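Read top to bottom, the protein sequences are chains A and B.
So for the first sequence, my numbering puts the first residue at 1; every next one is plus one.
So for the second sequence, my numbering puts the first residue at 1; every next one is plus one.
Possibly wrong hints are sitting among the right ones.
What the hints assert, rightly or not - A few chain A residues that face chain B, going by a derived Cβ cut-off under 10 Å, partial list only: (1) LEU54; (2) LYS57; (3) ARG60; (4) LEU90; (5) ASP93; (6) PHE101; (7) VAL107; (8) LEU118; (9) HIS125; (10) LEU132.
Claimed, not checked - Cross-link-like lysine to any residue pairs, in silico, SDA-like; alpha carbons within 20 Å at most: (11) A:LYS84 <-> B:LEU77; (12) A:LYS179 <-> B:SER89; (13) A:LYS57 <-> B:ASN59; (14) B:LYS179 <-> A:GLN83; (15) B:LYS115 <-> A:THR109; (16) A:LYS84 <-> A:LYS179; (17) A:LYS189 <-> A:GLU135; (18) B:LYS189 <-> B:ASN166; (19) B:LYS84 <-> B:LYS134; (20) A:LYS57 <-> B:PHE172; (21) A:LYS45 <-> B:SER49; (22) B:LYS57 <-> A:LEU95; (23) B:LYS84 <-> A:GLU80; (24) B:LYS57 <-> B:LYS84; (25) B:LYS46 <-> A:GLU58; (26) B:LYS46 <-> A:ALA48; (27) B:LYS189 <-> B:GLN143; (28) B:LYS133 <-> A:PHE163; (29) A:LYS145 <-> A:PHE163; (30) B:LYS84 <-> A:ASP93; (31) A:LYS115 <-> B:GLU112; (32) B:LYS84 <-> A:THR109; (33) B:LYS46 <-> A:ILE47; (34) B:LYS134 <-> A:TYR85; (35) A:LYS57 <-> B:ARG60; (36) A:LYS179 <-> A:GLN83; (37) B:LYS46 <-> A:GLU56; (38) B:LYS133 <-> A:LYS45; (39) B:LYS133 <-> B:LEU178; (40) B:LYS145 <-> B:GLU160.
Treat the hints as calculated values from the structure; they're not laboratory data.
None of the values given here were measured: they were computed from a predicted structure.
A virtual CB, placed ideally from N, CA and C, is assigned to each residue, including glycine.
2 protein chains.
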Amino acid sequence: MAEEKNTLNEEAVATNDTEQEETIEEVFGEAEVVVETSATEELEKKIASLEAELEEKENRYLRLQADFENSRRRARLDYEAAQKYRAQSLISDLLPVLDNFERALNVETDNEQTKSLLQGMEMIHRTLLDALKKEGVEPIESQGKEFDPNFHQAVMQVEEEGFDSNIVVEEFQKGYLLKDRVIRPAMVKVNQ
Amino acid sequence: MAEEKNTLNEEAVATNDTEQEETIEEVFGEAEVVVETSATEELEKKIASLEAELEEKENRYLRLQADFENSRRRARLDYEAAQKYRAQSLISDLLPVLDNFERALNVETDNEQTKSLLQGMEMIHRTLLDALKKEGVEPIESQGKEFDPNFHQAVMQVEEEGFDSNIVVEEFQKGYLLKDRVIRPAMVKVNQ
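The following block holds chain A by itself, in its conformation from the complex:
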């Protein structure tokens, strides 16, 4: 846009110049025209240099504008990523709490008081899981599924009859996803 404008102006100046030289030449002859021309040339040089400077300034402006746009886009993406996984650090620290809950809830009992305490713990466990789910945390399914190295970590391999090969036959420790990110793979036993 700016370049087009500059080119048009240069043409206008060039046309003016030619017309003027002819007029003076017709009236006063050769020698005097030299004086006039050198003054005009100086002014024209000045114009050319100003136009070059203008173009450079315009380009500098456009470059800064592009940098600005990029920086804004990058900042937005950084912010969104930070928001998406905002609670990851706390969630990672809460995984041992989930593990211990699962272990503690495995108790078998006939005692009434212990039973009622276990019920209370189950309720707390559920509240905790719900809060985590709301933030985007989901347990990874593994038992009976095909082994997937993206989600499962094989800590033991067996050859058992009655199971298809490459199937998870036992889960030692639950894995968890935060949205699309694995924050801990499931530790599993795989049938070969």
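Since chain A is already given, all that's left is putting chain B on it; use the hints.
Okay, now just chain B, sitting in the frame of chain A:
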């Protein structure tokens, strides 16, 4: 800087111009100088307009640069604030878990199995509190402290002998801070 340069150039042009007019005037008289002057004037007008355009472009560049700087600063502050309280939403959802833990752990028992289960729960509770503390969560102190409406919410007022006035005599529900932010005030009974 750019303005200073422009002014110098204008002076140089003006000097050139005067010298030239005189020379032509001496040699060819009045009428012909008019032709030369109007051509020069046109070039000078052009120069003045280019210089004005240059100055405007320079100012536009400086304004954009200032906008860029502001936008960058704002983005950094937004990001830092988002990071500082990043886990607040999850933490708020975990407060009922903490409340229920405190209630459940208040059980008194002689049964060995219940005792061992309670010990397990205490361990889980401590792990949970440690994870929250690492993220910047602290319980608000209230019992025996002077009532402070910034941290305490008075749900009951009493007049008891043996206590100073405006002192928290009982805490009904724990309050919590996330760094410098109260995410839940402590619910308390105050002595008037």
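Straight-line alpha-carbon gap B:LYS133 to A:PHE163, limit 20 Å:
Not satisfied, since the Cα-Cα distance of roughly 45 Å exceeds 20 Å.
Would the pair A:LYS145 and A:PHE163 pass a check requiring their Cα atoms to be no farther apart than 20 Å?
11 Å, holds
20 Å Cα cutoff - pair A:LYS57, B:ASN59:
Cα-Cα ~11 Å, so holds.
Distance restraint between B:LYS46 and A:ALA48, which requires alpha-carbon spacing of 20 Å or less
11 Å, holds
Hint check, A:LEU118 versus chain B [nearest Cβ-Cβ separation less than 10 Å]
Given a least distance of 7 Å, the restraint on A:LEU118 holds.
Min Cβ distance, A:ARG60 to chain B: is it shorter than 10 Å?
Since the shortest Cβ distance to chain B is 6 Å, the answer is holds.
Take a quick look at whether B:LYS46 and A:GLU56 sit within 20 Å of each other, Cα to Cα.
18 Å, holds
Does A:ILE47 lie within 20 Å of B:LYS46 when you go C-alpha to C-alpha?
Roughly 8 Å between the alpha carbons, so the hint for B:LYS46 and A:ILE47 holds.
Does the structure keep B:LYS133 and B:LEU178 at a Cα separation of 20 Å or less?
9 Å, holds
Would you mind confirming whether the straight-line C-alpha gap from A:LYS57 to B:PHE172 stays at or under 20 Å?
Not satisfied, since the Cα-Cα distance of roughly 68 Å exceeds 20 Å.
20 Å Cα cutoff - pair A:LYS57, B:ARG60
Judged against 20 Å, a Cα distance of about 10 Å means the pair holds.
Hint check, A:VAL107 versus chain B [nearest Cβ-Cβ separation less than 10 Å]
6 Å, holds
Checked against the numbered hints above, the structure violates hints 17, 20, 22, 24, 28, 32, 38; every other hint is satisfied.
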